[in-house]
Amino acid sequence: MIMKTTVERESQASTDRAARQEYVTPEVNIFETKDGYVLEAEMPGVDKGGLEITLEGTEITIMGRRQTEALPGESVFRECPGADYRRVFELDPAIDSSKISARMEQGILTLTLPKSERVKPRRIAVE
Amino acid sequence: MNNLTRWQRPELAAWAGLGRLTDLRDEIDRLFDTPLAEMTRGSQLLSVWTPGIDLYEDKDNLYLKAELPGMKREEIEVTLHEGTLSISGERKSESKYQAAEVHRAERFFGRFQRTITLPAPVSPDKVKAQYKDGVLTIKLPKTEEAKPKQIDVHVS
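Those sequence lines, one after another, are chains A and B.
To convert, note that position 35 of the first sequence is 35 in the working numbering; the numbers rise steadily by one, no gaps.
Add 127 to the 1-based position in the second sequence for the working numbering, that's all there is to it.
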């Protein structure tokens, strides 16, 4: 019932040389409450327009394209990776995929993934 | 000159050496048993947040870029002192999910500081910084003396 990163799929994709592209795996925090999940991913340099979230079956793919323009001049030293971000997660079947919402703020993507009503704990009144 | 080590019978020393070798082998075995993810997680706990920095230079300016996602503008501090630029701040953990069950905690919260020595003298009063999409960009104009100058040589 937890959200996992689908590592297997990633490695399969990387063996396909022709389609191979370098991506940065964003660091994430995932929390679960009784109402749903919250996923936070670090994607500095990505704004709302560069964000692409796709849902396929039980998998959710987050992708972020960097919008920052290259600095002028010559590079003295470089530490920031220039590649785009991508990470795939497996969804808990309890998540209502039609209610997923995303927010982007200062390079942090916050995904809210509510659980569907039928799996939420319900208090039953005793008559 | 003599070494001040305790004399040991040669055969005993040899045994001790073998013992150490076995320790080393155990250590290597253990290293490969540990999943890679676990090792990196361990090192993340020990280390501090080191945001990535890029530095670029053209003839008039220095340009610095630092990846600081999820900060508040007022929590980033940039100081310039005698040719040394320092970026520091603190990223505070939001307590709203404290009661929740944590599935992944890869993001770093806490203080950070990066200090770099600038390759050329800059005019401190003309430095401009902006923070957008979690990226801090600083433009540092070089002092007039530091700019390369073309000198015309007249050959008579």
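Treat the hints with caution; some may be incorrect.
What the hints assert, rightly or not - In silico BS3-like pairs for lysine-lysine, Cα to Cα no more than 30 Å straight-line:
{"id": "1", "chain 1": "B", "residue 1": "K259", "chain 2": "A", "residue 2": "K48"}
{"id": "2", "chain 1": "B", "residue 1": "K259", "chain 2": "B", "residue 2": "K276"}
{"id": "3", "chain 1": "A", "residue 1": "K99", "chain 2": "B", "residue 2": "K219"}
Since the hints were made in silico from the structure, they are not lab data.
Keeping to a limit of 30 Å between CA atoms, is the pair of K99 of chain A and K219 of chain B held or broken?
-> 29 Å, holds
Given pair status - K276 of chain B, K259 of chain B, alpha carbons within 30 Å = Violated. K259 of chain B to K276 of chain B sits at ~34 Å, over the 30 Å cutoff.
With a cut-off of 30 Å on the C-alpha distance, tell me whether K259 of chain B and K48 of chain A pass.
-> 12 Å, holds
When the structure is compared with the earlier hints, a violation turns up for hint 2 alone.
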